[in-house]
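Number of protein chains: 4
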Amino acid sequence: MTPEEGDAILRDYFAPWIQDLGLRVEEVGERHAVVRLPWSDALARQGGGLCGQAMMAAADTATVIAISSARGGFVPMTTVQQSTTFQRPVAGKDVLVHVRITKLGRTLAFSDVTLTPDGAADPAAHASTVYAILT
Amino acid sequence: MTPEEGDAILRDYFAPWIQDLGLRVEEVGERHAVVRLPWSDALARQGGGLCGQAMMAAADTATVIAISSARGGFVPMTTVQQSTTFQRPVAGKDVLVHVRITKLGRTLAFSDVTLTPDGAADPAAHASTVYAILT
Amino acid sequence: MTPEEGDAILRDYFAPWIQDLGLRVEEVGERHAVVRLPWSDALARQGGGLCGQAMMAAADTATVIAISSARGGFVPMTTVQQSTTFQRPVAGKDVLVHVRITKLGRTLAFSDVTLTPDGAADPAAHASTVYAILT
Amino acid sequence: MTPEEGDAILRDYFAPWIQDLGLRVEEVGERHAVVRLPWSDALARQGGGLCGQAMMAAADTATVIAISSARGGFVPMTTVQQSTTFQRPVAGKDVLVHVRITKLGRTLAFSDVTLTPDGAADPAAHASTVYAILT
Numbered sequence: 000m001t002p003e004e005g006d007a008i009l010r011d012y013f014a015p016w017i018q019d020l021g022l023r024v025e026e027v028g029e030r031h032a033v034v035r036l037p038w039s040d041a042l043a044r045q046g047g048g049l050c051g052q053a054m055m056a057a058a059d060t061a062t063v064i065a066i067s068s069a070r071g072g073f074v075p076m077t078t079v080q081q082s083t084t085f086q087r088p089v090a091g092k093d094v095l096v097h098v099r100i101t102k103l104g105r106t107l108a109f110s111d112v113t114l115t116p117d118g119a120a121d122p123a124a125h126a127s128t129v130y131a132i133l134t
Numbered sequence: 000m001t002p003e004e005g006d007a008i009l010r011d012y013f014a015p016w017i018q019d020l021g022l023r024v025e026e027v028g029e030r031h032a033v034v035r036l037p038w039s040d041a042l043a044r045q046g047g048g049l050c051g052q053a054m055m056a057a058a059d060t061a062t063v064i065a066i067s068s069a070r071g072g073f074v075p076m077t078t079v080q081q082s083t084t085f086q087r088p089v090a091g092k093d094v095l096v097h098v099r100i101t102k103l104g105r106t107l108a109f110s111d112v113t114l115t116p117d118g119a120a121d122p123a124a125h126a127s128t129v130y131a132i133l134t
Numbered sequence: 000m001t002p003e004e005g006d007a008i009l010r011d012y013f014a015p016w017i018q019d020l021g022l023r024v025e026e027v028g029e030r031h032a033v034v035r036l037p038w039s040d041a042l043a044r045q046g047g048g049l050c051g052q053a054m055m056a057a058a059d060t061a062t063v064i065a066i067s068s069a070r071g072g073f074v075p076m077t078t079v080q081q082s083t084t085f086q087r088p089v090a091g092k093d094v095l096v097h098v099r100i101t102k103l104g105r106t107l108a109f110s111d112v113t114l115t116p117d118g119a120a121d122p123a124a125h126a127s128t129v130y131a132i133l134t
Numbered sequence: 000m001t002p003e004e005g006d007a008i009l010r011d012y013f014a015p016w017i018q019d020l021g022l023r024v025e026e027v028g029e030r031h032a033v034v035r036l037p038w039s040d041a042l043a044r045q046g047g048g049l050c051g052q053a054m055m056a057a058a059d060t061a062t063v064i065a066i067s068s069a070r071g072g073f074v075p076m077t078t079v080q081q082s083t084t085f086q087r088p089v090a091g092k093d094v095l096v097h098v099r100i101t102k103l104g105r106t107l108a109f110s111d112v113t114l115t116p117d118g119a120a121d122p123a124a125h126a127s128t129v130y131a132i133l134t
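Residue numbers (numbering that gives the first Met the number 0), protein chains in the order written: chain W, 0 to 134; chain V, 0 to 134; chain Y, 0 to 134; chain D, 0 to 134.
Source of the hints: derived by calculation from the structure; they are not laboratory data.
Treat the numbers as computed from the prediction; the structure is a model and nothing was measured.
It is possible that some hints are incorrect.
[Claimed, not checked] Straight-line C-alpha distance at most 20 Å; calculated DMTMM-like pairs for lysine to aspartate or glutamate:
| hint | chain 1 | residue 1 | chain 2 | residue 2 |
| --- | --- | --- | --- | --- |
| 1 | W | Lys92 | W | Glu29 |
| 2 | V | Lys92 | V | Asp11 |
| 3 | W | Lys102 | D | Glu29 |
| 4 | V | Lys102 | V | Asp121 |
| 5 | V | Lys102 | Y | Asp19 |
| 6 | D | Lys102 | W | Asp19 |
| 7 | Y | Lys102 | V | Asp117 |
| 8 | V | Lys102 | Y | Glu26 |
| 9 | W | Lys102 | D | Asp117 |
Start from the sequences and build out the full structure, keeping to the hints where you can.
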């Protein structure tokens with residue numbers, strides 16, 4: 000799979016409200032993906048920080064890209080569980096969403112997701128997700 | 000606090016992208032809140048089901064309303080952790096987000112959130128959240 | 000299923016180290032179970048409080064009892080995910096572990112677990128679990 | 000801090016039931032720790048696999064060692080939240096518990112924990128934890 004095929008999955012399978020995040024696939028591989036969440040004032044809550052909801056949504060969405068890449072293309076799947084911690088505020092920066100697939104089973108997949116502001120060393124948030132693969 | 004004051008918090012403190020969810024406060028109390036996530040095609044992913052990202056975002060947002068109600072008005076706070084399970088698909092229905100505050104400490108608050116399609120008996124999703132209260 | 004059959008499952012399927020917790024099944028039903036975690040000094044950490052690890056272990060174990068009861072007897076299953084929040088300390092009291100099965104699917108089951116000191120109104124801890132049912 | 004000082008923390012602050020796990024500190028550093036969970040038949044459930052409860056307990060316990068190491072010695076702390084996924088069975092092998100502290104704040108610390116059977120490449124389980132530091 001190429002990043003362009005990843006972007007096509009974002010366009011074809013996700014809700015319009017998720018499209019509004021403007022996510023862009025930067026990198027895909029056998030067991031990982033990197034997706035960019037561009038900074039936008041529309042995602043800033045009162046006070047100017049990036050809303051945590053956008054980070055949870057980006058983590059979930061980027062996992063679909065990573066599992067698709069690991070499977071060689073989109074397959075129907077559904078999120079079973081997502082746990083997210085919020086560790087540092089983000090303001091005025093894109094966030095890079097790094098997904099590693101730690102287990103790709105026949106019916107369940109597990110991922111580890113780190114969300115880091117572009118150029119920063121430390122994560123803003125971390126997520127673990129479990130997906131059911133439906134085919 | 001009244002539901003109208005809850006709606007004012009939604010307007011004043013949340014990101015424009017969260018406002019797009021069209022959440023409405025139905026009920027607030029000493030230790031709980033009920034918030035409606037109206038059905039919208041903009042929240043439907045390919046296939047017609049409500050996207051899980053909208054449910055995670057609604058759970059997080061509704062918890063802010065419930066903690067504000069428990070505190071008698073909005074206080075600065077930040078999500079520390081959210082765990083969400085996705086149990087049943089939703090299509091074509093509003094979702095009612097029931098939040099119970101199970102612990103309201105001086106610096107940390109805990110909630111239990113059930114998301115149920117309007118008129119249904121069984122939950123579509125469940126979330127547990129931890130918040131840091133900043134004042 | 001009866002509480003006695005639940006106790007037999009505890010004896011037959013769990014590790015000796017889990018048996019050391021002395022869990023007792025108090026109640027089982029179509030979609031729920033109540034299990035008692037008896038106070039023991041062996042479970043107290045320095046300072047005298049019940050260790051959180053015992054509460055996580057009790058929540059997991061009690062979910063197996065509840066799913067077994069919902070299925071009419073023990074079935075092979077494995078924990079996929081457990082999220083636990085720790086809300087209040089416990090000292091010198093048994094803890095009652097209330098499990099509700101919120102979804103019993105063909106391959107996945109979801110539970111909601113509240114751990115409350117005997118006689119208390121407020122929870123010490125809360126857990127959400129996801130199980131894969133292997134038959 | 001040295002591994003020996005880590006082992007002393009295990010002896011001095013944890014419940015006897017946790018001591019029964021036989022955990023040993025292998026490595027400590029500024030932002031990480033490695034703790035060994037030795038294989039024991041007492042931790043095997045029916046069928047011979049390592050019980051998940053032992054892995055949750057080891058992840059929690061090892062995080063205390065890592066935070067202590069990051070702070071230069073034991074400080075009073077309490078687990079706020081732990082999320083654990085179980086990805087692969089373990090049988091007959093020690094498990095190495097790798098903890099990275101991803102944020103060490105004044106009042107909250109966050110860790111990322113990977114549990115891998117000794118000699119294996121892929122994780123058996125993964126945990127994320129949030130701790131409140133009480134001093």
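These are the hints, each one checked on the structure:
no.	hint	result
1	W:Lys92 with W:Glu29	violated, 28 Å
2	V:Lys92 with V:Asp11	violated, 27 Å
3	W:Lys102 with D:Glu29	violated, 29 Å
4	V:Lys102 with V:Asp121	violated, 25 Å
5	V:Lys102 with Y:Asp19	violated, 30 Å
6	D:Lys102 with W:Asp19	violated, 30 Å
7	Y:Lys102 with V:Asp117	holds, 18 Å
8	V:Lys102 with Y:Glu26	violated, 26 Å
9	W:Lys102 with D:Asp117	holds, 18 Å
Consistency with the previously given hints fails for numbers 1, 2, 3, 4, 5, 6, 8, ordered from lowest to highest.
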